[in-house]
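Asks: Next come the chains, spelled out residue by residue.
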Amino acid sequence: MNDFERAITYLNDPFNWTRRNGILDLLAEHVAVSAVAVAAAMVIALPIGAALGSARRGSGVVVVVSNVSRAIPTLALLTLFAVSPIGFGNRATAIALAVFAIPPILTNTFVGFRGVDAEVREAARAMGMSRGQVLRRVDVPLAAPLVLTGIRTATVQVVATATLAALVGGGGLGRLINLGFGQRDYGVMIAGAILVAALALLTELALVVLSWAVTPGQRRLPFRRVPRTDAAVGRPEPTASGIPL
Amino acid sequence: MGAASDVVLAVDEAPNPWFDPSYVSDNWDTIVGHLREHVWLTVAAVAIGAAIALPLALLARRGRWLAGPVLALSTVVYTIPSLAMFAFVFPLTGLSATTVLVGLTAYSLVILVRNFLAGLQGVPADVREAARGMGMGPLQLFLRVDLPLALPAFMAGLRIATVSTVALTTVGVLVGHGGLGQLITGGLNANEYRAEIVTGAVGCVLLALVADLLLAGIERLLTPWARAARS
Numbered sequence: 001m002n003d004f005e006r007a008i009t010y011l012n013d014p015f016n017w018t019r020r021n022g023i024l025d026l027l028a029e030h031v032a033v034s035a036v037a038v039a040a041a042m043v044i045a046l047p048i049g050a051a052l053g054s055a056r057r058g059s060g061v062v063v064v065v066s067n068v069s070r071a072i073p074t075l076a077l078l079t080l081f082a083v084s085p086i087g088f089g090n091r092a093t094a095i096a097l098a099v100f101a102i103p104p105i106l107t108n109t110f111v112g113f114r115g116v117d118a119e120v121r122e123a124a125r126a127m128g129m130s131r132g133q134v135l136r137r138v139d140v141p142l143a144a145p146l147v148l149t150g151i152r153t154a155t156v157q158v159v160a161t162a163t164l165a166a167l168v169g170g171g172g173l174g175r176l177i178n179l180g181f182g183q184r185d186y187g188v189m190i191a192g193a194i195l196v197a198a199l200a201l202l203t204e205l206a207l208v209v210l211s212w213a214v215t216p217g218q219r220r221l222p223f224r225r226v227p228r229t230d231a232a233v234g235r236p237e238p239t240a241s242g243i244p245l
Numbered sequence: 001m002g003a004a005s006d007v008v009l010a011v012d013e014a015p016n017p018w019f020d021p022s023y024v025s026d027n028w029d030t031i032v033g034h035l036r037e038h039v040w041l042t043v044a045a046v047a048i049g050a051a052i053a054l055p056l057a058l059l060a061r062r063g064r065w066l067a068g069p070v071l072a073l074s075t076v077v078y079t080i081p082s083l084a085m086f087a088f089v090f091p092l093t094g095l096s097a098t099t100v101l102v103g104l105t106a107y108s109l110v111i112l113v114r115n116f117l118a119g120l121q122g123v124p125a126d127v128r129e130a131a132r133g134m135g136m137g138p139l140q141l142f143l144r145v146d147l148p149l150a151l152p153a154f155m156a157g158l159r160i161a162t163v164s165t166v167a168l169t170t171v172g173v174l175v176g177h178g179g180l181g182q183l184i185t186g187g188l189n190a191n192e193y194r195a196e197i198v199t200g201a202v203g204c205v206l207l208a209l210v211a212d213l214l215l216a217g218i219e220r221l222l223t224p225w226a227r228a229a230r231s
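Protein chains in written order, with UniProt numbering: chain U, 1 to 245; chain A, 1 to 231.
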């Protein structure tokens with residue numbers, strides 16, 4: 001029996017799912033930490049991105065934030081927060097993950113709101129809409145596709161990187177990988193890897209469908225993000241799919 | 001931090017500074033050893049990734065039927081968490097740097113294939129047609145038309161892939177080959193020795209920065225016409 005078969009056997013045992021600190025508990029912890037991190041990042045990044053984008057200012061800052069964050073290893077930040085006064089545990093994990101979720105949301109929100117045609121906004125004002133109405137009925141719907149892309153990128157990335165918390169004593173499904181590795185029980189390790197990969201892929205899929213459902217206007221599934229040829233070729237795409245994993 | 005509280009027990013507050021130059025000088029050889037592995041893994045992963053991504057991108061440009069699956073597959077690979085990726089590779093290659101290299105190559109490959117394809121698709125069709133009309137063969141067409149025109153996109157892809165790979169290499173600590181990441185977990189396991197952790201973390205960021213600047217410099221050298229247009 002090789003490690004992959006052992007992993008399937010492990011996953012087929014219901015007790016491994018339902019017992020205390022079993023798969024379901026770890027999954028719940030994984031999802032909860034991820035949700036807190038994404039929510040925190042949204043609270044911070046959405047208003048700033050929208051404000052900067054509408055004002056068409058601060059593109060330099062946004063680009064620097066997204067580039068610098070790509071260079072910082074998630075493992076480093078997770079470890080640094082864990083040994084800081086924040087201490088080990090899910091709080092440190094959530095804060096570290098939120099830090100990495102901010103750049104994709106910020107960048108995409110910024111680009112989305114900056115892309116709203118000024119003349120459309122002016123026309124809306126001329127039709128008698130208040131500033132609040134312009135924001136709600138013009139800016140937000142037009143920026144929505146990119147904003148949702150940012151949230152999706154950030155969420156998938158958070159779910160994926162939450163795995164790394166296990167390397168610094170945190171919880172979540174990554175624990176199975178780390179435990180299995182430490183105990184030389186490679187079937188458990190592979191089982192953990194399968195679960196984590198499946199969770200990340202399902203998150204991506206669910207959010208693609210969700211953003212398709214709530215996006216106003218033309219309904220285009222973003223599965224095949226075939227690069228547009230008329231885009232400014234040669235520039236690092238401002239909405240680069242975030243930082244890896 | 002220690003100064004903030006009034007009553008301090010010597011046992012509790014053994015000095016554990018965030019920055020300690022003496023750590024760096026005392027352990028210089030160890031640090032350089034990890035740095036060397038980090039650089040080696042990054043360069044190899046990006047180089048192998050590029051070597052596979054370029055033919056893939058060239059093939060994918062020929063038809064949408066291939067571009068779709070290539071991009072879909074790259075999205076799937078990109079979504080797999082790095083720790084899971086290393087865990088999947090581990091049964092095949094064991095406790096070696098190869099495990100990390102295979103995982104890193106997979107990520108750099110999917111980043112590069114997207115950017116390479118974007119760059120190739122950005123080459124105007126009429127320019128290629130004109131070149132073909134001038135009698136250029138496929139190789140000449142690639143070297144003298146596609147490559148120069150797509151170079152900025154290629155370099156952008158290489159920069160993103162390199163910086164990402166530098167950060168991702170740290171996850172290789174799972175199998176004991178995480179480059180500077182070894183300092184991060186090493187410090188954590190050595191009773192939370194902060195100086196070591198910070199050295200590893202700062203080292204990673206500096207390495208990414210240096211690599212990015214280096215590639216930016218190469219891009220400038222390779223595209224003299226862009227410089228002329230800018231000034």
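It is worth saying that the hints were derived from the structure and are not from the lab. Any given hint could turn out to be false.
Label pairs and their calculated CB-CB ranges [unchecked claim]: (1) U:Ser130 <-> A:Val210: 47 to 57 angstroms; (2) A:Gly63 <-> U:Ala32: 21 to 31 angstroms; (3) A:Val24 <-> U:Thr9: 39 to 49 angstroms; (4) U:Met127 <-> A:Ala51: 54 to 64 angstroms; (5) U:Arg20 <-> A:Ile52: 14 to 24 angstroms; (6) A:Leu59 <-> U:Asn12: 36 to 46 angstroms; (7) A:Met134 <-> U:Ala35: 53 to 63 angstroms.
Every value quoted in this text rests on a predicted model; they were computed, and no experiment measured them. Using N, Cα and C, we set each Cβ at its ideal position, and we do this for glycine too.
Asks: Hint numbers the structure violates, sorted upward?
Replies: 2 and 5
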